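Those protein sequences? They're chains A and B, same order as listed. Just so you know, the first sequence maps onto residues 1 to 72 in the numbering used here. Just so you know, the second sequence maps onto residues 73 to 211 in the numbering used here.
Among the hints, a few may not be true.
Stated by the list, open to error - Simulated crosslink set (DSS-like; lysine-lysine; CA at most 27 Å straight-line): (1) 176(B) <-> 67(A); (2) 150(B) <-> 31(A); (3) 18(A) <-> 31(A); (4) 11(A) <-> 31(A); (5) 209(B) <-> 11(A); (6) 176(B) <-> 150(B).
Said to hold, decoys possible - With the C-beta cut set under 7 Å, the calculated list includes, among others, these residues of chain B facing chain A: (7) 119; (8) 120; (9) 167; (10) 171.
What the hints assert, rightly or not - Here's a subset of chain B near chain A, in silico, CB distances under 7 Å, partners left out: (11) 86; (12) 117; (13) 118; (14) 144; (15) 145; (16) 157; (17) 191; (18) 192; (19) 195; (20) 208.
No lab work stands behind these hints: they were computed from the structure. Quick caveat, the model's predicted, so the values are computed rather than measured. Glycine included, each C-beta is placed from N, C-alpha and C at the ideal position.
If you want the building blocks of each chain, they are given just below.
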Amino acid sequence: MPFTELVPLLKKLSHAEKLLLLHFLVAELLKESGLVPLSDGGTPASQGLYDSFEAASVLARALAEEKVATHG
Amino acid sequence: MVDRVRFAFTEVDPSLGALSTLPYLPIVLTYQNQSLRVSGLLDTGSSVNVLPYEMGLRLGAVWERQRLSVPLGGNLSKFEARAVVMTANVEQFPPVELAFAWTKDRNAPLILGHMNFFLAFDVCFYRSELAFEVSPKRY
Numbered sequence: 001m002p003f004t005e006l007v008p009l010l011k012k013l014s015h016a017e018k019l020l021l022l023h024f025l026v027a028e029l030l031k032e033s034g035l036v037p038l039s040d041g042g043t044p045a046s047q048g049l050y051d052s053f054e055a056a057s058v059l060a061r062a063l064a065e066e067k068v069a070t071h072g
Numbered sequence: 073m074v075d076r077v078r079f080a081f082t083e084v085d086p087s088l089g090a091l092s093t094l095p096y097l098p099i100v101l102t103y104q105n106q107s108l109r110v111s112g113l114l115d116t117g118s119s120v121n122v123l124p125y126e127m128g129l130r131l132g133a134v135w136e137r138q139r140l141s142v143p144l145g146g147n148l149s150k151f152e153a154r155a156v157v158m159t160a161n162v163e164q165f166p167p168v169e170l171a172f173a174w175t176k177d178r179n180a181p182l183i184l185g186h187m188n189f190f191l192a193f194d195v196c197f198y199r200s201e202l203a204f205e206v207s208p209k210r211y
């Protein structure tokens, strides 16, 4: 569909629908660019278990504490 | 002693056959004096081991006594997780200590990930043969 035909349709959208469309377009652009969106805190949001490195460091600490408790 | 054991991939959906096979490893987890024979998904894409909530309870772990909070990403990020250390036996290999992110998610699978399953064991995948081999890490 040509962009010129799309504009009148977009104008008919409600305020909330326009916001959702904006969010969709930003997400699509980030995905196409291979960029990771920022979380609310301004840091890159975690994508999954594959990059849960902070969690891994907590488990390393738990293991170390367990060794001390077991072997002194 | 045998230094390497070969396992077959597990077919998850019989209607899809080999397309639905995953590397599940039979493992015995022990917490204090309670043991459970389970299957863990070998997941090289996971930074951590993950223990589902019910499994932890069946092993006698007490949620309130685990004081280290574990920040998980992805689908599990909306569930609280706490660190718990268990003894794991794979075949006849010497037992190892595995640290798990014990998630409150009741539907999570048992995941064996980098911290610290893949630090304790070497695994070689032969996906085309629907098999994998596990051996204890070499010192």
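How the hints compare with the structure:
1. With a CA separation close to 25 Å, the supplied pair residue 176(B) and residue 67(A) stays within the 27 Å bound.
2. Between the alpha carbons of residue 150(B) and residue 31(A) the distance comes to roughly 22 Å, so the proposed pair stays at or under 27 Å and holds.
3. This hinted pair checks out: residue 18(A) and residue 31(A) have alpha carbons roughly 20 Å apart, not beyond 27 Å.
4. Restraint check for residue 11(A) and residue 31(A): satisfied, since their Cα atoms lie roughly 26 Å apart, inside the 27 Å limit.
5. Restraint check for residue 209(B) and residue 11(A): the C-alpha separation of about 63 Å exceeds 27 Å, so the hint is violated.
6. As the CA atoms of residue 176(B) and residue 150(B) are separated by approximately 9 Å, the hinted pair is consistent with the 27 Å bound.
7. For residue 119(B), the interface hint holds, since its Cβ comes within 7 Å of a Cβ in chain A; the closest pair sits about 4 Å apart.
8. A cut of 7 Å between beta carbons decides the hint on residue 120(B): the least distance to chain A is about 5 Å, and the hint holds.
9. A cut of 7 Å between beta carbons decides the hint on residue 167(B): the least distance to chain A is about 12 Å, and the hint is violated.
10. With a least beta-carbon distance of about 4 Å to chain A, the hint placing residue 171(B) at the interface is held under the 7 Å criterion.
11. Checking residue 86(B) against chain A: minimum C-beta separation of about 27 Å lies over 7 Å; hint violated.
12. Interface restraint check for residue 117(B): the shortest CB-CB distance to chain A comes to about 5 Å, inside 7 Å, so the restraint holds.
13. The restraint placing residue 118(B) at the interface with chain A holds, with a minimum CB-CB distance near 4 Å, inside the 7 Å limit.
14. For residue 144(B), the suggested interface contact is upheld, since its CB lies about 5 Å from the closest CB of chain A, less than 7 Å.
15. Below 7 Å, beta-carbon pairs count as interface contacts, and residue 145(B) has one with chain A at about 3 Å; its hint therefore holds.
16. At about 4 Å, the closest approach between the beta carbon of residue 157(B) and any beta carbon in chain A falls short of 7 Å, and the interface hint on this residue holds.
17. Because the smallest distance between the Cβ of residue 191(B) and any Cβ of chain A comes to about 9 Å, over 7 Å, the interface hint for this residue is violated.
18. Because the smallest distance between the Cβ of residue 192(B) and any Cβ of chain A comes to about 10 Å, over 7 Å, the interface hint for this residue is violated.
19. Hint on residue 195(B) is violated. Least Cβ distance to chain A is approximately 17 Å, over the 7 Å limit.
20. A hinted interface residue such as residue 208(B) counts as satisfied when its beta carbon comes closer than 7 Å to some beta carbon of chain A; here the least separation is about 16 Å, so the hint is violated.
Of the numbered hints listed earlier, those contradicted by the structure are 5, 9, 11, 17, 18, 19, 20.
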